[in-house]
Structure formats: structure tokens, C-alpha cells
Amino acid sequence: MYAQMVDTGAKKLRALEDMGPEERAFQERVDADVKIEPKDWMPEAYRKTLIRQISQHAHSEIVGMLPEGNWITRAPSLKRKAILMAKVQDEAGHGLYLYAAAETLGVSRDQLIADLHAGKAKYSSIFNYPTLTWADIGAIGWLVDGAAIMNQIPLCRCSFGPYSRAMIRVCKEESFHQRQGFDIMMTLCRGSAEQKAMAQDALNRWWWPSLMMFGPPDADSVHSAQSAQWKIKILSNDELRQRFVDQTVPQADYLGITMPDPELEWNAERGHYDFGPIDWDELYNVVKGNGPCNRDRLRTRVRAWEEGAWVREAALAYAEKRAARAQKAA
Amino acid sequence: MSEWPLWEIFIRSQHGLAHKHVGSLHAPDAEMAIKNARDVYTRRNEGVSIWAVKSADVTATAPGEKGPLFEPANSKIYRHPTFFPMPDEVKHI
Numbered sequence: 001m002y003a004q005m006v007d008t009g010a011k012k013l014r015a016l017e018d019m020g021p022e023e024r025a026f027q028e029r030v031d032a033d034v035k036i037e038p039k040d041w042m043p044e045a046y047r048k049t050l051i052r053q054i055s056q057h058a059h060s061e062i063v064g065m066l067p068e069g070n071w072i073t074r075a076p077s078l079k080r081k082a083i084l085m086a087k088v089q090d091e092a093g094h095g096l097y098l099y100a101a102a103e104t105l106g107v108s109r110d111q112l113i114a115d116l117h118a119g120k121a122k123y124s125s126i127f128n129y130p131t132l133t134w135a136d137i138g139a140i141g142w143l144v145d146g147a148a149i150m151n152q153i154p155l156c157r158c159s160f161g162p163y164s165r166a167m168i169r170v171c172k173e174e175s176f177h178q179r180q181g182f183d184i185m186m187t188l189c190r191g192s193a194e195q196k197a198m199a200q201d202a203l204n205r206w207w208w209p210s211l212m213m214f215g216p217p218d219a220d221s222v223h224s225a226q227s228a229q230w231k232i233k234i235l236s237n238d239e240l241r242q243r244f245v246d247q248t249v250p251q252a253d254y255l256g257i258t259m260p261d262p263e264l265e266w267n268a269e270r271g272h273y274d275f276g277p278i279d280w281d282e283l284y285n286v287v288k289g290n291g292p293c294n295r296d297r298l299r300t301r302v303r304a305w306e307e308g309a310w311v312r313e314a315a316l317a318y319a320e321k322r323a324a325r326a327q328k329a330a
Numbered sequence: 331m332s333e334w335p336l337w338e339i340f341i342r343s344q345h346g347l348a349h350k351h352v353g354s355l356h357a358p359d360a361e362m363a364i365k366n367a368r369d370v371y372t373r374r375n376e377g378v379s380i381w382a383v384k385s386a387d388v389t390a391t392a393p394g395e396k397g398p399l400f401e402p403a404n405s406k407i408y409r410h411p412t413f414f415p416m417p418d419e420v421k422h423i
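These protein sequence lines map, in sequence, to chains S and V. Residues in the first sequence are numbered consecutively from 1, following our numbering. Residues in the second sequence are numbered consecutively from 331, following our numbering.
Derived by calculation from the structure, the hints in this document are not laboratory data. Glycine included, every Cβ here is placed at the ideal spot set by N, Cα and C. Hints are not guaranteed to be accurate.
[Stated by the list, open to error] Not everything, but these chain V residues come out facing chain S in the computed CB check (under 10 Å):
1) P335
2) N366
3) Y371
[Unchecked claim] Derived PhoX-like pairs (lysine-lysine); straight-line CA-CA distance at most 20 Å:
4) V:K350 / V:K365
5) S:K288 / S:K120
6) V:K396 / V:K406
7) S:K231 / S:K48
8) S:K12 / S:K48
9) S:K39 / V:K365
10) V:K406 / V:K350
11) S:K231 / S:K12
12) V:K365 / V:K384
13) V:K396 / S:K35
14) S:K48 / S:K35
15) V:K350 / S:K35
16) S:K231 / S:K35
17) V:K384 / S:K321
18) S:K39 / V:K384
19) S:K120 / S:K48
20) S:K172 / V:K350
The task is simple: from the sequences and hints, build the whole structure.
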């Protein structure tokens with residue numbers, strides 16, 4: 001759900017009988033949980049959708065470094081600073097695993113980055129919110145990374161081999177992110193009244209955007225059905241969201257802070273928490289580019305890319321010069 | 331400007347094990363490929379040795395040839411020890 005609302009190009013699902021022999025063989029492999037590898041035959045729409053989904057996921061990891069990077073120089077202690085740097089470095093690594101997975105589908109990384117910078121490719125809506133206090137770093141690790149894990153664990157079983165392998169690597173590292181966030185929240189909640197109020201304020205601001213990360217309700221989406229048939233989406237948006245709420249509410253209880261939702265209540269009959277309505281207009285608005293930080297995030301990415309151009313060029317020129325010299329000497 | 335070439339990264343996770351493919355990355359030359367691989371693939375002591383190979387230098391079998399290429403092994407089940415039933419009285423074999 002670092003990838004939201006991924007367009008599959010599908011108008012309706014097709015049954016096996018309606019498929020040509022190649023597509024049918026492909027779907028039967030997917031149904032039998034055989035992984036699809038980059039050089040295998042695949043429907044063009046599957047390839048395009050995966051490029052969209054994996055690159056959106058990669059862009060989210062990279063843009064996701066910005067809200068947290070904002071606090072590296074302001075972390076309250078050397079220990080917290082070192083931990084935050086390690087976490088942000090992991091996010092860069094996750095972005096790289098994912099770009100590499102997308103590249104196996106025959107698209108260049110420069111093209112993917114150009115699409116992000118041109119506003120053609122999306123990244124998760126969550127990274128368009130500002131990190132106003134240190135408690136936001138706690139809330140991001142606890143809630144945003146918690147929501148990410150919820151989505152990424154099932155994706156380890158997705159049908160495309162390179163994506164599945166990248167997800168396995170990411171999941172191994174992600175648990176540290178969530179725990180370091182919860183640890184920050186715990187420390188604040190055990191601190192002064194002012195510190196606890198900071199933790200509550202961060203929860204108030206991050207709770208609803210975290211629930212929006214899972215994407216629109218299932219009822220609205222033909223793309224979800226297609227992605228499920230291709231097994232590049234394993235659980236539905238609403239299922240993942242409910243699991244996340246069920247797992248997170250008791251953690252907030254432990255911290256002694258409360259979700260900003262007066263309708264949140266345990267429903268013994270369903271065995272789940274009921275929660276209040278989500279403001280979908282806010283999500284669509286942020287996805288369209290009108291969140292609090294969209295313009296700033298994109299501007300920062302483009303500037304980093306442009307200001308790094310001379311380094312990329314110089315490194316390549318140096319490598320070419322040395323290769324030419326070695327060839328001459330031989 | 332052209333992109334940095336793509337490299338395939340192989341890591342030996344412990345002494346005594348073979349290098350295993352872990353993923354790929356872009357780097358201008360072999361030295362930088364190793365340095366980048368250190369940061370991308372071994373942040374948690376995952377390895378004791380790294381190989382970097384230019385992706386363009388890898389020769390691979392084509393998925394379409396899978397049938398004819400591997401078929402010869404399918405019919406030679408006598409290559410497996412279980413093909414030969416052994417009497418219960420015979421030990422250590």
C-alpha cells in the first residue's frame with residue numbers, strides 16, 4: 001500500500017475460457033502459485049501494472065526518507081540520531097531493491113525517476129504530511145511502518161519472482177523500523193505531561209492518514225479484482241485496514257493515548273474494532289497533488305537529482321577513462 | 331547522459347557456503363559496484379564476501395527452451411538412488 005490505486009487497465013475480469021493459449025497458461029501458473037520470472041511470457045497489462053505498482057512502491061521508499069530526514073539533525077540524542085540515520089538508510093535500500101525489481105520488466109531506472117519527477121508516477125499519499133515534532137518520528141515508525149508491514153508481508157507471496165524476493169528482504173528489515181517508532185512513543189508517554197501531549201498530538205495527526213494508506217474501500221475498485229487474479233495483491237484494502245486497526249488499538253491503550261475517533265469501539269460480535277468513516281475526499285485530494293507537502297516533496301527530489309547529475313557524470317567519465325587506459329596498457 | 335551499468339551481486343553469507351545471487355544495482359565500475367553492494371546488501375552482517383558481475387556478461391537459458399533443455403534428465407530416473415530397491419536385510423547402503 002505504498003502503492004495505492006494502481007491502474008491495471010482492466011474493465012472486467014476475464015475467465016480462463018476467454019483467454020488465448022499463452023495467457024491461459026500464464027494464469028494457470030499464477031493460480032498454481034508458480035512464480036513468474038522476468039523472461040517468462042506475461043500479458044502486457046500485467047507487465048505494465050507491475051511496473052506501475054513496483055515503481056510507485058520504490059518512489060514511496062525514496063520520498064519517504066524526506067519527512068524523517070527532516071529530524072536527523074534535530075534528534076534529541078546521539079543514540080536517537082544514529083538509529084534514525086540507520087532507518088533512513090534502510091529506506092534508501094528498500095527503494096533500490098524495488099527499482100531493481102521493476103527494471104527486470106524492461107524499463108530503465110532513469111525513466112522511472114523521470115516519470116516521478118514529471119508527476120506521472122505516484123508515491124504513497126502518507127509522505128505528503130509534515131513532521132512537525134519529534135513525536136511524529138515515533139508515530140511514523142509505529143503507524144506508517146506498521147501499516148507498511150501489514151501490506152508487505154502478504155506481498156512476499158505475490159506472483160512476480162523479483163517483487164516477491166524484494167518484499168522478503170524489506171520485511172526482514174521493517175520490523176526494526178516499527179519497533180524504534182514505538183520505542184520513541186513509549187519514552188514520550190512515560191515522560192512529562194508535555195511529552196505525553198506531544199505523543200497524543202502526533203497520533204491525532206497521523207491516525208487517519210495511516211488508515212488512508214490502504215487505499216479506497218474495496219467496493220470502488222475493479223483494479224483490485226484484476227490485481228487479485230494476478231496475485232500481485234493478496235489481501236483487499238478493507239481487510240488490511242481492519243487488521244491494522246485491530247492490531248494497533250491495543251498498542252495505543254498500552255501507551256495510554258487514544259485514537260482521534262469517537263466511533264472506535266470493540267465489536268464482540270464481529271471480533272473486530274468498528275471505526276468511524278474515513279474522509280476519502282482528503283485522500284483523493286492528496287493523491288491529486290494538493291496535500292500539505294506534495295509540491296515541497298517533489299521539488300526536493302528534483303533538486304537532489306539535478307544537483308547530483310555532475311557526480312553521476314564524473315563517476316562514469318572516470319570509469320571510462322580508467323577502462324580505456326587499462327585497454328591501452330594490455 | 332547514459333545510465334550507470336547494471337551489476338548482479340552475489341554474496342557468500344558464511345564461510346563454507348557458496349555465493350548466492352541477492353539482487354542487482356547500478357555502479358559506474360567494478361570497485362563502486364562492490365562498495366554499493368556493501369551498503370545495499372550487507373547492512374546487517376549478511377555476508378563475508380561479495381562478487382559483482384556485469385549483468386550484460388551473464389548468459390542465461392531462455393524460458394522457451396526449458397522443455398527440450400531439461401527433458402533429458404526427466405527420463406533418467408535411474409540416476410536417483412531410490413530407483414534401486416534394497417532388501418531390508420542389507421544394511422549400510
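Hint by hint, here is what the structure shows:
1. P335: 9 Å, holds
2. N366: 9 Å, holds
3. Y371: 8 Å, holds
4. V:K350 / V:K365: 18 Å, holds
5. S:K288 / S:K120: It holds: about 11 Å lies between the C-alpha atoms, which stays within 20 Å.
6. V:K396 / V:K406: Measuring from Cα to Cα gives roughly 17 Å; hence the hint holds.
7. S:K231 / S:K48: With Cα atoms ~15 Å apart, S:K231 and S:K48 stay inside 20 Å; holds.
8. S:K12 / S:K48: 17 Å, holds
9. S:K39 / V:K365: Violated, because 29 Å separates the two Cα atoms, which is more than 20 Å.
10. V:K406 / V:K350: Given that 20 Å is the threshold and the Cα spacing comes to 28 Å, the pair is violated.
11. S:K231 / S:K12: The hint holds at about 16 Å.
12. V:K365 / V:K384: 15 Å, holds
13. V:K396 / S:K35: Holds, because 15 Å separates the two Cα atoms, which is no more than 20 Å.
14. S:K48 / S:K35: 17 Å, holds
15. V:K350 / S:K35: At roughly 19 Å apart (the allowed maximum being 20 Å), S:K35 and V:K350 satisfy the hint.
16. S:K231 / S:K35: 10 Å, holds
17. V:K384 / S:K321: 18 Å, holds
18. S:K39 / V:K384: 18 Å, holds
19. S:K120 / S:K48: OK: S:K120 and S:K48 at ~14 Å, within 20 Å.
20. S:K172 / V:K350: 18 Å, holds
The structure fails to meet hints 9 and 10 from the earlier list, while all remaining hints are met.
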